[in-house]
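Novice: Each chain, written out:
There are 2 protein chains.
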Amino acid sequence: MSAVSAHAHAPSVDAFHRGRFVLVQPRRGHRAGLDAMLLAACVPDGFCGRLADLGAGAGAAGLAVAARCPQARIVLVEREAEMVAHARLTLDHAANAPFRGRVELLAADVTLTGAARREAGLADAAFDFALMNPPFNEAADRASPDALRRAAHVMEDGLFGRWLRTAAATVKPRGGLALIARPQSLGQILAALEGRFGGARILALHPRPDEPAIRVVLRAVRGSRAPLSLMPPLVLHDSAGNGFSARADAAINGQTALFDG
Amino acid sequence: MSAVSAHAHAPSVDAFHRGRFVLVQPRRGHRAGLDAMLLAACVPDGFCGRLADLGAGAGAAGLAVAARCPQARIVLVEREAEMVAHARLTLDHAANAPFRGRVELLAADVTLTGAARREAGLADAAFDFALMNPPFNEAADRASPDALRRAAHVMEDGLFGRWLRTAAATVKPRGGLALIARPQSLGQILAALEGRFGGARILALHPRPDEPAIRVVLRAVRGSRAPLSLMPPLVLHDSAGNGFSARADAAINGQTALFDG
Numbered sequence: 072m073s074a075v076s077a078h079a080h081a082p083s084v085d086a087f088h089r090g091r092f093v094l095v096q097p098r099r100g101h102r103a104g105l106d107a108m109l110l111a112a113c114v115p116d117g118f119c120g121r122l123a124d125l126g127a128g129a130g131a132a133g134l135a136v137a138a139r140c141p142q143a144r145i146v147l148v149e150r151e152a153e154m155v156a157h158a159r160l161t162l163d164h165a166a167n168a169p170f171r172g173r174v175e176l177l178a179a180d181v182t183l184t185g186a187a188r189r190e191a192g193l194a195d196a197a198f199d200f201a202l203m204n205p206p207f208n209e210a211a212d213r214a215s216p217d218a219l220r221r222a223a224h225v226m227e228d229g230l231f232g233r234w235l236r237t238a239a240a241t242v243k244p245r246g247g248l249a250l251i252a253r254p255q256s257l258g259q260i261l262a263a264l265e266g267r268f269g270g271a272r273i274l275a276l277h278p279r280p281d282e283p284a285i286r287v288v289l290r291a292v293r294g295s296r297a298p299l300s301l302m303p304p305l306v307l308h309d310s311a312g313n314g315f316s317a318r319a320d321a322a323i324n325g326q327t328a329l330f331d332g
Numbered sequence: 072m073s074a075v076s077a078h079a080h081a082p083s084v085d086a087f088h089r090g091r092f093v094l095v096q097p098r099r100g101h102r103a104g105l106d107a108m109l110l111a112a113c114v115p116d117g118f119c120g121r122l123a124d125l126g127a128g129a130g131a132a133g134l135a136v137a138a139r140c141p142q143a144r145i146v147l148v149e150r151e152a153e154m155v156a157h158a159r160l161t162l163d164h165a166a167n168a169p170f171r172g173r174v175e176l177l178a179a180d181v182t183l184t185g186a187a188r189r190e191a192g193l194a195d196a197a198f199d200f201a202l203m204n205p206p207f208n209e210a211a212d213r214a215s216p217d218a219l220r221r222a223a224h225v226m227e228d229g230l231f232g233r234w235l236r237t238a239a240a241t242v243k244p245r246g247g248l249a250l251i252a253r254p255q256s257l258g259q260i261l262a263a264l265e266g267r268f269g270g271a272r273i274l275a276l277h278p279r280p281d282e283p284a285i286r287v288v289l290r291a292v293r294g295s296r297a298p299l300s301l302m303p304p305l306v307l308h309d310s311a312g313n314g315f316s317a318r319a320d321a322a323i324n325g326q327t328a329l330f331d332g
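Going down the list, the sequences are from chains D and H.
Under my numbering, the first residue of the first sequence is numbered 72, with each subsequent residue one higher.
Under my numbering, the first residue of the second sequence is numbered 72, with each subsequent residue one higher.
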């Protein structure tokens, strides 16, 4: 129980948006970073409504929206007790004082349905926008293509189906949705959007100009029937050098939104 | 019945691949061009198997493969009598003599199933590769999102479902598929691929670097369980000027394939 080992178990405090906010998160397990910042960058500049960060972890994406959009009100929704505790430490950290009063924490399971979901604090049509970065590698995410084909309802009830069901219930008509995922989840995502969100705009994230995408971010509108579109991709690193491209750097650091309007 | 009006009703003869083949097609209605050339460019360089051009029209994509891949054997599959007649004129044209013996014409409906499909000449596992550019604006392509959601089998039985069912039946295990479509059809396409083709690689076609995609081309493998990937997009025109980008020009003119391997 030396000071060194005590320090090793203390949470880390990491600055984002060039120091405009910090995140208090466990040193082990999934640590927030690029994905959460790019997800937050899907929210339009000037957003001034109420936003749900579904599966918020320690609060990275929600805080990033709060930092860029000074009128936004944020609810961090998280199920895991350890992450709820770290989200609380994040909100209580002195460096995040500017966001106090605009960011709340709700300990709830995103996949709840109906009355149980409402009783957990996720009321119907309560939000103007929902963000989600669902965890990778859940069983439903690995369902075989044959299984998916045999029972199309598996998609509905799969990982993205469950998360988008809650997003559809809790976001107002014409409200927004943004998610970040692996490209291989695109089929499940598009199936789960059907009848819930439309006007989807997909932005592929390529590490280099000549490499396949490692992530997609998707922005959509509750109840829209507009067709899907594929936007020009975001290249994270230019052909030469290891720094971020100018556009990626601006998005990651809260200088600009990834989508118009 | 003047010479002028007779000329107006004669088919047009259009050169592709810088004159390496010609297409005889009606002056009215859908005319083959960019889409067919980009679709053909999805076939790997050096392809030497048997390929079905499903819904071949006057034969544009199939001829483009024949012109680039000197060992490929092509079957043009077309339902509409007028297009079958023009495909025949295309194959009989003196300029296309180099491909005679390697390109056949089959008058058949791509959407036939089971015994009717086999009797029409589309035997099971008869091809190493299938190309398709299904017509836009069929009723199934305009099915509402709600309708799609209510009955997921609509996707299975929709435009892409019917065409991909035939592709899956007629392409050998590990054989290839390429299609070109509008981005808004991506949800239907991915649903119809499930359990049939995997390892999908999607290439978005953007008219300019900063504009949304107008088409997607997709390459997949029969029976593969590999995940989907999003390739770096193809930009048709550089930021300045009206000519094609070097990569688009090479693909459209049969100088190179759009996908490795």
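Simulated from the structure, these hints should not be mistaken for laboratory data.
No residue lacks a Cβ here, since even glycine has one placed at the ideal position from N, Cα and C.
Mixed in with the good hints there might be a few duds.
[Said to hold, decoys possible] Stretches of chain H that chain D covers, calculated by requiring three or more beta carbons in the stretch to come under 8 Å of a beta carbon on chain D:
hint: 1; segment: 248-261
hint: 2; segment: 279-289
hint: 3; segment: 297-307
[As the list claims (entries may be wrong)] Which chain H residues face chain D? A few, computed with CB under 10 Å, are given here:
hint: 4; residue: Leu105
hint: 5; residue: Met108
hint: 6; residue: Arg245
hint: 7; residue: Glu265
hint: 8; residue: Ala271
hint: 9; residue: Ala275
Novice: Examine the segment 248-261 of chain H: at least three residues should have C-beta closer than 8 Å to a C-beta of chain D.
Specialist: Satisfied; 6 residues make the cut.
Novice: Count residues of the segment 297-307 of chain H with a Cβ under 8 Å from any Cβ of chain D, then say if the count reaches three.
Specialist: Contact hint for the segment 297-307 of chain H vs chain D: holds, 7 residues under 8 Å.
Novice: Check whether three or more residues of the segment 279-289 of chain H sit with their beta carbon closer than 8 Å to a beta carbon of chain D.
Specialist: Answer holds; 6 residues pass the 8 Å Cβ test.
Novice: So, Ala275 (chain H) near chain D? Judge it on the closest CB pair being under 10 Å.
Specialist: 5 Å, holds
Novice: Please check whether Arg245 (chain H) passes as an interface residue: C-beta within 10 Å of a C-beta belonging to chain D.
Specialist: 15 Å, violated
Novice: Should the interface hint for Ala271 (chain H) be scored as holding, given a Cβ-Cβ cut-off of 10 Å against chain D?
Specialist: With a closest approach of 9 Å, the Ala271 (chain H) hint holds.
Novice: Should the hint that Leu105 (chain H) touches chain D count as held when the rule is a Cβ pair under 10 Å?
Specialist: Not OK, violated: Leu105 (chain H) not within 10 Å of chain D, min 17 Å.
Novice: Can Glu265 (chain H) be said to touch chain D, with a Cβ gap under 10 Å?
Specialist: Since the shortest Cβ distance to chain D is 4 Å, the answer is holds.
Novice: Identify whether the interface hint at Met108 (chain H) stands, where standing means a beta carbon of chain D within less than 10 Å of its own.
Specialist: 20 Å, violated
Hints 4, 5, 6 from the list above are not met by this structure, while the remaining hints are.
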